[in-house]
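A.B. asks: Chains as they are written, first to last, in this note's numbering: chain H, 1 to 471; chain R, 472 to 942; chain B, 943 to 1413.
Derived by calculation from the structure, the hints in this document are not laboratory data. As the structure is a computational prediction, the values presented were derived from the model and not from experiment. Beta carbons: idealized from backbone N, C-alpha and C, even for Gly. Hints should not be assumed to be uniformly reliable.
Example chain H residues on the side facing chain R (calculated, C-beta under 7 Å, incomplete) [claimed, not checked]:
1. Ser68
2. Glu97
3. Leu101
4. Asp250
5. Ala317
6. Pro332
7. Ser364
Chain H residues, not near chain B, derived (Cβ > 10 Å throughout) [unchecked claim]:
8. Asp27
9. Glu74
10. Ala145
11. Ser186
12. Met297
13. Ala318
14. Arg368
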Amino acid sequence: MLDQNRLFPAESRTRELARRLYGSIKDLPIISPHGHTDPRWFAENKPFANPSALFIEPDHYIFRMLYSQGVPLESLGIQEAGPAGTSSGTNSVDPREVWRLFAKHYFLFRGTPTRLWLDFVFETLFSIEERLCADNADTCYDTIAKALAQPDFLPRALFGRFRLEVLATTDAAVDSLSWHQQIRQSDWSGRVLPTFRPDAVIDAEYAGFRANLDRLAEVTDEDVSHWSGYLAALRSRRAFFKSMGATATDHGHLTAMTADLDRGEAERLYERVFSGSLQPGDVELFQAQMLTEMAGMSVDDGLVMQLHPGSVRNHNAAVYRRFGRDKGADIPQPTDYVHGLRPLLNRYGNESNFNLILFTLDESTYARELAPLASHYPCLRLGPAWWFHDSPEGMMRFREQTTETAGFCNTVGFNDDTRAFLSIPARHDVSRRVDSSFLARLVIEGRLDQNEAFELAEDLTVGLVRKAYKL
Amino acid sequence: MLDQNRLFPAESRTRELARRLYGSIKDLPIISPHGHTDPRWFAENKPFANPSALFIEPDHYIFRMLYSQGVPLESLGIQEAGPAGTSSGTNSVDPREVWRLFAKHYFLFRGTPTRLWLDFVFETLFSIEERLCADNADTCYDTIAKALAQPDFLPRALFGRFRLEVLATTDAAVDSLSWHQQIRQSDWSGRVLPTFRPDAVIDAEYAGFRANLDRLAEVTDEDVSHWSGYLAALRSRRAFFKSMGATATDHGHLTAMTADLDRGEAERLYERVFSGSLQPGDVELFQAQMLTEMAGMSVDDGLVMQLHPGSVRNHNAAVYRRFGRDKGADIPQPTDYVHGLRPLLNRYGNESNFNLILFTLDESTYARELAPLASHYPCLRLGPAWWFHDSPEGMMRFREQTTETAGFCNTVGFNDDTRAFLSIPARHDVSRRVDSSFLARLVIEGRLDQNEAFELAEDLTVGLVRKAYKL
Amino acid sequence: MLDQNRLFPAESRTRELARRLYGSIKDLPIISPHGHTDPRWFAENKPFANPSALFIEPDHYIFRMLYSQGVPLESLGIQEAGPAGTSSGTNSVDPREVWRLFAKHYFLFRGTPTRLWLDFVFETLFSIEERLCADNADTCYDTIAKALAQPDFLPRALFGRFRLEVLATTDAAVDSLSWHQQIRQSDWSGRVLPTFRPDAVIDAEYAGFRANLDRLAEVTDEDVSHWSGYLAALRSRRAFFKSMGATATDHGHLTAMTADLDRGEAERLYERVFSGSLQPGDVELFQAQMLTEMAGMSVDDGLVMQLHPGSVRNHNAAVYRRFGRDKGADIPQPTDYVHGLRPLLNRYGNESNFNLILFTLDESTYARELAPLASHYPCLRLGPAWWFHDSPEGMMRFREQTTETAGFCNTVGFNDDTRAFLSIPARHDVSRRVDSSFLARLVIEGRLDQNEAFELAEDLTVGLVRKAYKL
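Chain H extracted, bound-state conformation:
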């Protein structure tokens, strides 16, 4: 199924050079500094359950598309949500039936990155050479199920086969990191690192926010009923994450708004947040203030800060009520970085020991705000094309719209940002091919020398990411 020249430009000289550039980087290790795989997989190293549980249930790219075409979520094995948005419900659909439904609708993914990723996985991992469809659904299912039972498809074996140099997970601030602990205490040498993600104790509208604060107090033994205790608790968790190998934090906010309140205001704001007696705007203001606090802590402890703003979560109320979070109903909104980030940047933007990596779901900011900001502030770097833009066209627009102002040096390589472990090599492969194509065009258009393109190809693949994430 896989075209060896996929994602290379049509014009022959450019294609030839893109192929050579890609050839020079395709076997480099994979560094995955931001993602959502489950550390338990690598701690326990048990076989993956079945093809549907592995490919469909965790992949909102897949079930959102099927849902948009009238396929009920429950028929795809999506579990109903338990209380407070958690996925504690159950679903008893036969995984083979789920797979058949998926196979029947696989044509919907024509022209999407999901199709590129899955074809890659099916062919390179499972030697499936015919595109998935209703007719071959069962055969494919059996092939994959059989493979998953083999030792070389265990999580750690795949980790090695994927040439993963580092794999970062994303973990709640109150997480015990017990699976990470278990990995570290094992005899396995794979580098799986946690990432500190405090949204659930910073966003006052997060499901179970108050309980999350209680848990934060408990695990840190700090009194989080007042501002300084709350900050101390967060500092304590960051230190713990760092001791467990974390090099970064991650923040998923609705906007890029930051604030820099004086101490008294911040204390009073926290009192209202803690006590639940919120005034209008408090939720957003508290998140804004906390971004600046987190930046300050990063200046102190050196953890790299990542900001992922702009997603309106759980847009579809009925789907949220029934199925909970992360069910493909998150929709981007415009993001204002220029005014939003100003308070934080005016406080910490010129610090030398501070890396803030910005992501966006609003491509209109690439050339207008993000590239200009990143090409001025010493602390700023641009994260790669994210989520809906993690695609060949999206990646190309990212390069075309940021490079001329920010250069390559203010970017940080690729993030796969996935919970679909098997798709990681596929995603990095797409990124390497698109970057090779972009660089090849610059050379053929006389904007870059060939030797520079080879240097940059390596930089974009491993050099920049190691530096930006301190790996």
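Could you slot chains R and B onto chain H? The hints should help.
C.D. replies: For chains R and B alone, coordinates are given in the frame of chain H:
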């Protein structure tokens, strides 16, 4: 004048494949589910008046460009407006003089779709082989005028020659549809369908709004002085339109704002709107509420709903005062779909018997909002590149920015959206060529198989539009 | 270093045609209607000081990039600011050390227009054939320094060698234009024209605003303590600029907001502005009103009006405090043209003796607002891709996103907009190559005839700019 390879990519293998894809669809029937032709033409089947009345007076793409370069509108035969913005005035400019002025300025359209459309019409319909200019203005005028007098240039003959399978017009909610009636009662089998467009009885700032409501009461025999009577009147008109063959409604709003008020609030809002005692924000809120009401009626009666938001109408006050609506002075503004549509979607977004087709004049929403929304909500589909974006570059951006997230399946094929009847084949030709080019690139870049591209080419031309508009 | 085919498309037929189009315009004179060179250079005609003072200190494209990668501004010879944001400080860094630092970091500019410009200057003016790097820093410095001492590198000699037909500078409203006077009185025939830039007496938050008003009163002998005196003073300065050869004004505002207050309101607003007793919103409202006033004066005196909105100046407070304005910390924000310009356009938009040239830092407005506005209003023209968008990709996006709606005729050719005098030919060369590539593609795609493309190439290079700027 016409290059047989126009709009195909330069690179030879991609061009060759684009040509073959185009070859497979170029003779498919034209389905025109959204446009602004006059049903009277097909009812009466009289010859078109003269080249200027046919090509220039109704085409705001043409006179806006000439006006921007200093050509007075009155010299182009544009009629001065009568009361309430209607075009009841008169203009006594000699149509041949208008044509000469147009011909002299035809070079202004270099690089625009208008030029592509007109060259196509001139060459394929009138066998004119030299590009229009001051020197050949009279010859061209005579050639066209002579042809228009022939029987095979009568509206119905052209309808057949254009291989039109369906042609939808756009009709005011209070329209008697008498021309449509006349068509249906004639022995002609051409399928010309009305579309229900209620803006004039929903937008309280529409010229003659109050009189429009009176007319609505009159034609439905409902008491529109209260909310339920008003809704009943609209329901009645929708049923009438449906009985006359309509499969769709269309809504042209300033924004994509929707609302879902409770019954009491809605009643009181309508009272204020009806009595003209508006509070600030009422006009927009009423439109917002009415979109949700219309969605509910679509769930009931199955009429497909189209939303065309984002145009600031009549931006140029002096031009509006003198010449009225639709004189090339409508300017797009940014549109917020993510928050705007949420009330409607939370009410009806998961309904299986509901098609809502979204259009935009704000391309920054393609990848950010529209594709994510359409690839989740079962009711949503994306209308094609609209108005200022109905052009080769605009269509290509639409595909590049929506396909990776929404796939092809959440789009609805092409709309010509024109009152320039003769340009319909030209417009569909551009669309078919651009889609062929896009698909060819995906194949050459290894992102799609060749057989899939041929299937999709047909889908984009006839399959998706039939399904989305229930034709 | 320079590839003769740089910036031409890869595909061979398109490239060949682009090369021929470029060949037909590459030797046309340079018309530079908007820029920031120092008239003193041409008045005094003294040698440029040294390579660093010439290339680095005045070029915010360069030092912003180095600063973003951790190079302190002071190490680049950037002078600390004197009072009120003026650059009256001093910096004693050795220019050779500055140059070495720059050379060492020159690789950062890969993929940026700065690299294209500088390579062009180094090779074509100084016959440097090896790309700048740490190893050759001293040799390059010596080569350039030696050349700068030669007579054929004096400002007037370079002006001639660059084939400059006109060079416009940008000058404060209160400027005596003494250097321009000196040029006019000299025996040199180079055409260096002033441009009227009144921001410092219109923006109430401009550093030294009140002193600027005093100075305005002084140089015009008008009483600027009231509205009509203030307007008279501005009229007087415009007349003076015009008498000195100016054909245009320029306005750098935060937004594109305009206002059209009645006389009484405007008087009272000015009173508050003059007395410093500002109400919230007054600063912006006054700027908005003044754009309309300036438009009215342009209708009277025929000076072409340029509007450059959308830059949030001095975003980085610490850098501003220490180094002052224009230090690479200006970040664009979204700009609303459709509502912002409406008051001005409703007042003067249909005037035949009025040219208003619009620029943007917000590319999302190209297709959505700017092209639709410019293709309707007779007074409007679109300025070229500006600042962060003055780059190959940026220019191409400008053409792709404006041409289909606005045509070529509503654009005004290229602006180099630079204070880096030596880079002017390089910048025009990039523009000519990109336009040639765009036109070539239109021809190869059958959207334009070849002879039209040659005509348009000349128009885009010299025809449109002469007409739009009345040169």
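A.B. asks: Look at each hint and say if it fits the structure.
C.D. replies: Hint by hint, here is what the structure shows:
Annotation: H:Ser68 was flagged as interfacial toward chain R, and the flag holds, the nearest CB pair being 5 Å apart, inside 7 Å. Interface hint at H:Glu97: violated, since its Cβ lies 20 Å from the closest Cβ of chain R, which is beyond the 7 Å cut-off. Hint status for H:Leu101: violated, given a least beta-carbon distance of 15 Å to chain R, over 7 Å. Hint status for H:Asp250: violated, given a least beta-carbon distance of 21 Å to chain R, over 7 Å.
The closest approach between the C-beta of H:Ala317 and any C-beta of chain R is roughly 5 Å, which is under the 7 Å cut-off, so the hint is satisfied. Look at H:Pro332: its Cβ gets to within about 5 Å of chain R, closer than 7 Å, so that hint holds up. Interface restraint check: H:Ser364 against chain R, minimum CB-CB distance 4 Å, threshold 7 Å, status holds. The non-interface label for H:Asp27 is consistent with chain B: the shortest C-beta to C-beta separation is roughly 24 Å, beyond 10 Å.
Remark: the non-interface label on H:Glu74 is consistent with the geometry, its nearest Cβ contact in chain B lying 39 Å away (cut-off 10 Å). For H:Ala145, the shortest C-beta to C-beta distance to chain B comes to about 46 Å, beyond the 10 Å cut-off, and the non-interface label holds. With a minimum CB-CB distance of about 39 Å to chain B, H:Ser186 clears the 10 Å threshold, and the non-interface call stands. Distance check for H:Met297 against chain B: the nearest CB is about 20 Å away, which clears 10 Å, and the non-interface claim stands.
Distance check on H:Ala318: its Cβ is at least 32 Å (rounded) from any Cβ of chain B, clearing the 10 Å threshold; non-interface status holds. Distance to chain B contradicts H:Arg368 as a non-interface residue, since its nearest Cβ pair spans about 5 Å, not more than 10 Å.
Of the numbered hints given earlier, the model fails hints 2, 3, 4 and 14; all others are met.
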